[in-house]
Amino acid sequence: MAKKPHDTPNLDALESGPWPSFVTGLKRLAKDKDSVVDLLGHLEHSYATRKGYWKGGTLGVYGYGGGVIPRFTEIKDENGKPVFPDAAEFHTLRVMPPAGMHYSTDILRKLADIWERHGSGLIAFHGQSGDIMFQGATSENVQKAFDEINEAGFDLGGAGPALRTSMSCVGAARCEQSCYDEGKAHRMVINSFLDDIHRPALPYKFKFKFSGCPNDCMNSIQRSDLAVIGTWRDNIRTDEALAKKWFAKHGMNELVNDVVAHCPTRAIQLKEIKEVRKDAAVSAVAVNDTHALEIDNRDCVRCMHCINVMTGALAPGKDKGATILCGGKRTLKIGDQMGTVVVPFQPLQNEEDYEQIVELGQKIIDFFAENALEHERTGEMIERIGLANFLEGIGLDVDANMVKAPRSNPYVRTDGWDEEVAKIKAKKAAA
Amino acid sequence: MAEPQKQMRKPKETGVPDNKQYMHPTLVKNHGNWKYHDRPRPGVLHHVSHSGDQVWTVRAGTQRQMDVHTIRKLCDIGDQYAEGHVRFTIRSNIEFMVADEKKVAPLIETLEKNGFPVGGTGNSVSMMAHTQGWLHCDIPGTDASGVVKALMDELYDEFRREEMPNRVHMSTSCCEINCGGQADIAIIVQYTKPPKINHDLVANVCERPSVVARCPVAAIRPALVNGKPSLEIDEKKCMCCGACYPPCPPMQINDPEHTKLAIWVGGKNSNARGRPTFMKMVASGLPNNPPRWPEVAAVVKKILHVYKEDARSWERLSDWVERIGWPRFFEKTGLTFTKYLIDDWRGSRANLNASTHIRF
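Residue numbers (numbering that gives the first Met the number 0), protein chains in the order written: chain A, 0 to 430; chain B, 0 to 359.
If you are wondering where the hints come from, they were derived from the structure by calculation, not from laboratory data.
Watch out, some of these pointers could steer you wrong.
Straight-line alpha carbon distances no greater than 30 Å define the calculated DSSO-like cross-link-like pairs of lysine-lysine that follow [what the hints assert, rightly or not]:
{"hint": "1", "chain 1": "B", "residue 1": "K259", "chain 2": "A", "residue 2": "K204"}
{"hint": "2", "chain 1": "B", "residue 1": "K102", "chain 2": "A", "residue 2": "K332"}
{"hint": "3", "chain 1": "A", "residue 1": "K80", "chain 2": "B", "residue 2": "K227"}
{"hint": "4", "chain 1": "B", "residue 1": "K11", "chain 2": "A", "residue 2": "K143"}
{"hint": "5", "chain 1": "A", "residue 1": "K243", "chain 2": "B", "residue 2": "K34"}
{"hint": "6", "chain 1": "A", "residue 1": "K50", "chain 2": "B", "residue 2": "K301"}
{"hint": "7", "chain 1": "A", "residue 1": "K50", "chain 2": "B", "residue 2": "K259"}
{"hint": "8", "chain 1": "A", "residue 1": "K109", "chain 2": "B", "residue 2": "K9"}
Given only the sequences and the hints, what does the whole structure look like? Please build it.
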């Protein structure tokens with residue numbers, strides 16, 4: 000039995016209603032844990048005064064420099080004593096999840112037991128960077144909890160100016176749109192840079208994210224420094240039986256309005272079967288006895304819309320790999336930035352192909368470490384130095400797929416033009 | 000100190016664990032070999048493999064911030080109906096995979112009986128991506144879990160149904176850094192006053208040059224205040240972003256009255272149809288009003304309602320606005336377009352209308 004609960008009228012109001020209540024969960028923990036009794040008091044104080052009262056600090060586990068988020072209370076009485084002493088230290092351990100966030104119930108129970116022993120019993124599945132967040136340990140218990148979590152096969156994630164924990168979609172494990180083995184790439188890349196995760200020494204944070212197709216379920220273009228997004232180079236595959244089944248259920252209006260009309264590059268046309276073009280870059284599939292969809296794959300930008308609507312009837316091709324974008328980030332300091340294409344297509348068929356993502360990651364992290372200003376993300380760095388200089392720095396060739404359009408102003412010195420053209424032509428001839 | 004250090008356990012630098020050891024066996028067996036999927040009902044995905052194997056996934060909402068008792072309850076359900084394997088989505092929904100269709104109905108019944116709503120698939124309003132807030136962040140302007148709980152109570156039916164024109168992703172963020180991320184509808188703190196500086200603490204707590212460097216509009220400079228080294232703010236330049244607060248807590252940006260909430264719409268992560276988009280601010284000045292933030296909920300519900308009525312099938316919120324135009328968005332939602340919504344940050348003229356494209 001824990002100590003007597005504080006009055007929490009504001010939080011009590013979050014126990015009603017149909018959605019699962021974190022307050023009810025905290026109250027259940029507070030039956031046995033003084034720390035959660037005081038956490039509820041602490042949070043109620045925030046609700047009553049509309050302000051936050053945690054401060055950070057420096058705290059870690061033996062051998063690592065990051066991965067623990069220290070929290071000390073700032074609610075003190077006139078003598079400087081914590082008003083909620085049992086929640087005065089309420090630190091978080093960030094722990095990297097398995098790719099795709101798959102768990103057996105056995106391992107979840109084991110992790111829950113560890114956190115009940117050494118922490119508050121409050122765990123977030125998952126934080127915004129993808130970590131399992133074990134919230135609420137005293138300074139003394141951080142090491143004990145980590146030792147057991149680590150023995151269970153899990154390791155700390157990133158915090159501060161470091162490589163951060165990564166995320167990947169469910170992908171090949173359960174999704175027909177998957178264009179590579181996201182879990183393999185995720186694990187291989189991140190486990191190649193553990194030193195940069197555990198011992199923060201970069202100018203600022205650096206994030207990888209892995210999405211299996213352009214639906215980008217990991218929001219990687221907007222949220223990561225290096226976004227690896229599955230795609231394909233050959234033709235969209237078709238399945239006539241599934242196409243006819245789809246059409247029988249949805250009909251001509253939906254086919255025209257929801258599929259054909261939404262194609263962003265007008266690559267799809269509805270045609271009478273006898274008028275469908277025979278061409279190596281055309282995918283065609285009959286939807287009934289008279290009509291077929293015709294897709295010119297040269298015009299297709301692999302946006303996924305038609306495949307999403309007619310899953311199975313239409314499917315990604317077989318020459319699969321990834322488009323890689325660099326420089327996505329959130330607001331501070333110069334405003335939101337999306338990633339920019341730096342590799343239009345990286346084949347991902349064999350071990351060497353996957354190794355190439357690790358090598359690219361290494362080059363970009365090295366360049367970032369040497370050239371970014373303090374507290375500058377890759378996106379800000381690229382904006383400051385220009386994409387062309389960045390590409391030269393990491394040894395990638397320019398490609399027209401990297402821009403929406405060529406420049407629209409003349410403010411550039413072009414006296415190296417002929418030399419560049421000659422260099423590019425020579426390289427093409429040699430390939 | 001040398002003695003105890005010897006006994007310290009060295010970490011096993013194992014990194015990301017192998018996910019195959021935790022994955023449902025049907026997923027392991029059919030890895031990379033799935034053919035198509037359909038959705039037999041909201042909250043359920045049915046995937047068919049080229050091998051002929053099938054798997055049904057039942058998705059349920061959670062509170063994300065989970066106590067161990069809730070986790071164990073979910074494990075009990077997983078053991079009883081889902082062969083002992085689960086996974087989580089990016090929006091903190093839990094998924095149970097079953098290879099036997101007969102297990103789907105009892106699994107759904109048990110989840111709902113235990114208070115876990117089944118839904119969040121297809122054209123539903125999914126669980127809101129959220130941040131840490133007053134519960135555990137060191138710089139929050141508001142709470143996160145509480146805002147989400149209050150909003151999801153109101154959107155409970157929309158989570159359990161698939162009645163929106165396309166999927167709706169939502170997020171909340173407790174400061175302008177916006178850890179919650181891009182979403183169709185986002186609720187984000189918007190500070191309205193420059194920070195109040197606690198000059199007694201600056202010299203001891205803050206590395207002044209890095210605070211100066213952190214300001215996006217160069218409004219902060221070093222100053223001597225009451226004989227102590229401190230910082231001062233050019234309040235005419237300051238746009239109240241709060242960037243100086245994390246590196247220097249004496250730059251007090253949070254205020255019970257002046258910390259407001261803004262609503263943003265039209266963020267899209269996917270490349271489907273158009274390129275990914277950033278969301279746009281459409282309302283601000285909403286009160287930070289715990290425990291249930293009713294003013295925010297009213298605006299969010301109004302936008303959702305109009306979108307649901309007016310958008311065509313497969314139009315995400317951004318696609319819908321692209322068709323109807325911003326004037327009609329404001330007209331239909333009853334929100335007011337003000338001068339504060341005209342972008343004046345770098346590159347802003349790209350957001351202005353340089354054409355005669357006007358809908359009458």
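TODO: Against the earlier hints, flag every one the structure doesn't satisfy and list their numbers going up.
DONE: Structure breaks hint 2 only.
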